[in-house]
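Given chain R, work out where chains G and S should sit, using these hints.
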Amino acid sequence: MSPQLAVTLIVFAPLAGALVAGLFGRLIGHRVAQIVTTGLLFVACALAWVTFRQVFGGAWPHAFTVTLAPFIHVGRFVSDWSIRIDSLSAVMLVVVTSVSALVHLYSWGYMRTDPHRARFFAYLSLFTFAMLALVTAADFMQLFFGWEGVGLASYLLIGFWYEKPTANAAAIKAFVVNRVGDAGFALGIMTVFWAFGSIRFADVFPLVASHADLAWRFGSAQFRLMDLACVLLFIGAMGKSAQFLLHTWLPDAMEGPTPVSALIHAATMVTAGVYMVCLLSPMFEAAPVAKGVVTVVGAITCLFAATIGLAQNDIKRVIAYSTCSQLGYMFFAAGIGAYPAAMFHLFTHAFFKALLFLGAGSVIEAMHHEQDMRHMGALWNKTPITYVVMLLGTLAITGVGIPGLDLGFAGFYSKDAIINAAYVASATQGTAMFAFICGVVAAGLTSFYSWRLIFMTFHGHAKWGAHEAHGHDAHADHGAHGHGAHTPHESPWVMILPLILLSVGAVFAGGVFDESFVGGDRAGFWGSALSATTSGTLLDQIHHLPQWVVLAPLAVTAVGFFAAWYYYIAREGLAARIAARRGLLWAFLYNKWYFDELYDAVFVRGAKALGDLFWKGGDKKLIDGLGPDGVSEVSYAVGRGVSRVQTGYVYHYAFVMLLGVAGLVSYALWAFR
Amino acid sequence: MPLQAIAFYVLAAVTVFAAVAVVFARNPVHSVLFLITTFFSAAGLFVLMGAEFLAMMLVVVYVGAVAVLFLFVVMMLDVDFASLRQGFARYLPLGALVAAVLTVEMVIVAADVAHLGAAASSTGPATPSAVMTNVEAIGAVLYTDYVYVFQAAGLVLLVAMIGAIVLTLKHRPGVKRQSVAAQMARTPKAGVRMVTINSGEGVDA
Amino acid sequence: MTPVHLAALAAPQLLLAGASLVLLVVGAFRPKAIRLVAGLGVLSLLAAVGVVAIEPLGRAFGGDLVADQGAAFAEAVIYLASAAAILLGQPWFARRGQARFEFPILILIAALGMGMMCRAADLISLFVAIELQSLSLYILAAFEKSDGKSAEAGLKYFVLGALSTGIMLYGVSLIYGFAGGTSFARIAAAVAHGASGGVLFGLVFLICGLAFKVSAAPFHMWTPDVYEGAPTPVVGFFAGAPKLAAMVLLARVLTESFGPALAQWRQILVVMAILSVAVGALAGLRQSNLKRLWAYSSIASIGYALIGLAAGGPEGVQAMLVYMTLYVVDVTGFFACLAALAREGRPLESFADVSGLVRQRPGLAVAMTVFALSGLGLPPFSGLWGKFYVFKAAISAGLAPAAVAALIGSVVAAYYYLRLVKVMWLDAPEGQIDAPPAEAAGLAYAAAFFVFPVVLIALMALDPAARAAALALVQG
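Protein chains in written order, with numbering that gives the first Met the number 0: chain R, 0 to 672; chain G, 0 to 204; chain S, 0 to 475.
For reference, chain R alone in the conformation it holds in the complex (with noise of 0.2 Å):
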């Protein structure tokens, strides 16, 4: 098979499924567009590991396009629809395809019982063809293209169970606030294009060096081009990577089916801002204030989002705010110039977010779509499969390892190689010694949220038992489950395959692909996918570094455990009558910093003033007054008055034909006299 065929079936062959699950899923059933769409996915999996294996192996060309056919040209504005492998595209290809094909084979037994499972497939089909689209992308065009055409499977699927009000505004949240960051996305495309005559990469990339002193005069201030495109191409990246200030949609996102979660929330969407950051990382390097901004925005995120996290009661919830926090550590790597450390924990962040989110669903379905950990407890024995992954999944994202040996799951590589990127690049980057003291504190943090969710979860007291009244998620109508019997039970196997799968990667991916990502055999990885200008002299000197410094996140990380095991497990309920006294600090990170309650306050309700004044005012009393209504009543009088004169008497024609011809006689006499 040739690598272009190879590629083009890839990219293809969820659209494919798509197609048929979606628009002839009533014709051939649940089961059959389950499995076509699975089928398909598996397909375009396998396709991909191939790919990079052959890519890395050096079968096939390190860097190749394929283009398909032309999709704008309008004088030099021209996109093609085209497929652009290389060591980026390569690495999300299989993350995309191998997390979405785990998905939706998980999605067999997670929506069993689910009525709409064709329409439900059929969205994840066109996810996954959107996101492979954006990654393959040669063009910003094409880029936006699969952006918005993620942007729109994600609103599709959070809005699957469309009969819940919840959703329907979560979906509409997520859907707005993206707008925000497309606006700036669209913005910096324009920029570029404005500035280098193409939007095409391959022609982008070699002028930046040229073009990087360009400045745009408006007024009197100055802006560098280049620094104006990266901030302008970062804020939308901000919106579909939910990072600080645009990151509301994300934890809302989550009343989207648990597999939807997984796969668009945690392992793929979300974190294409990175992609992003990554993939334009020469247009970077040429931007030092972006990067500034990219650093502090990430790191604020990482932070602010652990210290949510830490409140937060819903166990998707802590996940997702989880998953925010983790972005902001891989934006930050971007931002200080570690892009590879940001591809790599991309890459291992999808295996072991993706792991928690499907082991999160196994234990909802487990609890008969509880979601409240309040609720759960002593789980351990009754799903013990779904505990050992979770508890591999946490190893994995609070970074256990040895880090004289070298050894440990696959955040400790990735995360640590973050940590100790940003303390070399403090160096020389005021920003980077910010990011590094967030990222050490979030580590902490995160270790202490995620073990609070084991321990909550898994141990202490069953608190499932006492009540019979629990809260339930959307399809917790079903009634499919036996209700009469409330003993949580395992999944069934359809639903453990993935997350073994995606255990295996949470454990090895980063001890596997360290030397390849991060370590000395990146320059012949990457090759000229990632710029390497920063990042060469950043890796090469993390491992040598001050012992502190590389024990720091581990020892943050062992005081995060053994807090989180204080609380819940040696003085189980603790931290339950700390909620209950509300303190400031509780409220203030129970209530997720209060941005939702601010966003309503200046920009939902300010921006409905604003609407108001301009439709009552300005629109219906100024322009309907004075334009259509106005000129319309006018027109009407006129036509009344003209109809008026209409009288029926031969003798008032006459006269109106002798007017006539006098006005016309006289107009022509004074025109041309």
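Rather than coming from a laboratory, the hints here were simulated on the basis of the structure.
Treat the hints with caution; some may be incorrect.
Simulated restraints on C-beta separations [said to hold, decoys possible]: (1) G:A163 with R:L658: 28 to 36 Å; (2) R:S631 with S:A427: 22 to 30 Å; (3) S:W424 with R:W492: 55 to 63 Å; (4) S:A93 with G:D79: 36 to 44 Å; (5) R:L625 with S:V403: 51 to 59 Å; (6) R:V73 with S:I394: 21 to 29 Å; (7) S:P452 with G:A98: 51 to 59 Å; (8) S:G430 with G:M56: 56 to 64 Å; (9) S:L417 with R:W669: 54 to 62 Å; (10) R:L658 with S:L417: 27 to 35 Å.
Built from N, CA and C at the ideal position, the CB exists for glycine as well.
Just chains G and S now, kept in the frame of chain R:
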């Protein structure tokens, strides 16, 4: 020349005066009579220009036929002219204004003409000549150069006739009409029936 | 020039005149053979179209008669529209017990007059042709004797028509006086170095007289009343062919004899055009009678055609010809729809009458919708293409402000076109509608089919034909 000039001014003045009187006369019969006066004076102007034939036609057709027809119609129809004139005063100012504007403009144009002269290369009216009378001159072109429009004019008259018939002719059912042809074609065979009558029985039609 | 040659140049006119005379005799002796007369009338009109297509080109009678592509193009359209009028009108009158053999003959003579108008290049033949046509139309307007409104319409039309004739004749005599001749060539020679005030004065009067015939504002006052009163098929005829004839005549007068005075008459036409569009759009807003409404619509349409003509040159005249041709089809089709619709014998004429039409007569409702949207100028219907030509010509002639004004008029007029569509499609129907007669419905469907989609193909033939016609008219 002075005689002709005097005749022209007299006739022209009478024409204008009579035309104004047509409009302003209170009695419609007077109006028609003034109209006849106007026609007559116009015919006189034609004569002055050497177009005797046109002058005669004007007198014969317009005075002899059209105006007299008008007169009959006006006298026979019981039209309440007083009520028709009711709005006259009301519309007078506006009407007068329009009329004044048009008059001023015509004067301007007339002044233009007096200043610059009319068409430079005018062929002028067909002047009476020794070789050809007025009637001959018209006859010479009427069926040659102008045969197309002449025939078309004939069609116009035909249409007028068709129109008059279409709009006024009504076949009322039940009206007994005389059919001369039918009467003439009647034979004894068609009109007479010979019957033999037995005495005492009578005839049942 | 031999008599045969002369006869060949006047062939369509001779054919129609002869046919009308023969039919008159046939009708006089066989008053019941109305269908025969009507059928022969249609046939002779179709034959005239054929003759127009093949006859030789040239001038005769010192310019009284011009056979050129301009005349041929317009005559073909006019004769076809006239044939449609007979097809539509004869059964219509028959259904009302008003059938008379004079109807087809009057249409024939009117068509003859219009053909002569198209061919006139002399003020005398211009006048006679107009009178021949007008007189026939006056009678046709009053043709439905039992209807008082029809008689009133005929009378009003006649009286005001006489006034307009007077105005025109005044202009003609002024032009004659200043140009020293009546033929267009002669006038052209006289104004070659600029028109004097007197000629201009006469020209304005002449334009005013012709403006009455095309019902351009401010000489439009008769239109709504006459359209409302006159029999529907006759109105369909009135609104189409005579206006095309008058526009062609106007184009010939203005471009052939007053070509050098383009700057002057353009101004007058633009004023009338904008007035027409404004009146047509604004006054139409308050109408409840569809025939009156379409009278205003036709006034507005003439406004657009005048803008095309005002653009001048081959491009402007071509735009006018294309616009008028498409308009003739549109308006004929619309009145065919109206002629097809009746409720217990009473014709449907108001908005209230056609409410919910789509539920009872979907075919006719769709056809009427097509005509309304075409009148509005919505793509892809024929009205759009006509306007497109006009605006293109206007803009390239530097008349963009006039085009913009006309566009604004279109927007206002959209109200009543869309109102008709709304009433037919969304309102509740009332009462049973009679089965539409085949000929009217067929004509309506054919016209609707032309308006879209046939027009897209027809334009390919129409464009070069109109272009040749325009060149012939402009170059004289």
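Quick rundown of the hints versus the structure:
no. : hint                           : verdict
1   : G:A163 with R:L658: 28 to 36 Å : 33 Å, holds
2   : R:S631 with S:A427: 22 to 30 Å : 25 Å, holds
3   : S:W424 with R:W492: 55 to 63 Å : 59 Å, holds
4   : S:A93 with G:D79: 36 to 44 Å   : 40 Å, holds
5   : R:L625 with S:V403: 51 to 59 Å : 19 Å, violated
6   : R:V73 with S:I394: 21 to 29 Å  : 25 Å, holds
7   : S:P452 with G:A98: 51 to 59 Å  : 54 Å, holds
8   : S:G430 with G:M56: 56 to 64 Å  : 60 Å, holds
9   : S:L417 with R:W669: 54 to 62 Å : 39 Å, violated
10  : R:L658 with S:L417: 27 to 35 Å : 33 Å, holds
Violated hints, listed in ascending order, are 5 and 9; each of the other numbered hints is respected by the structure.
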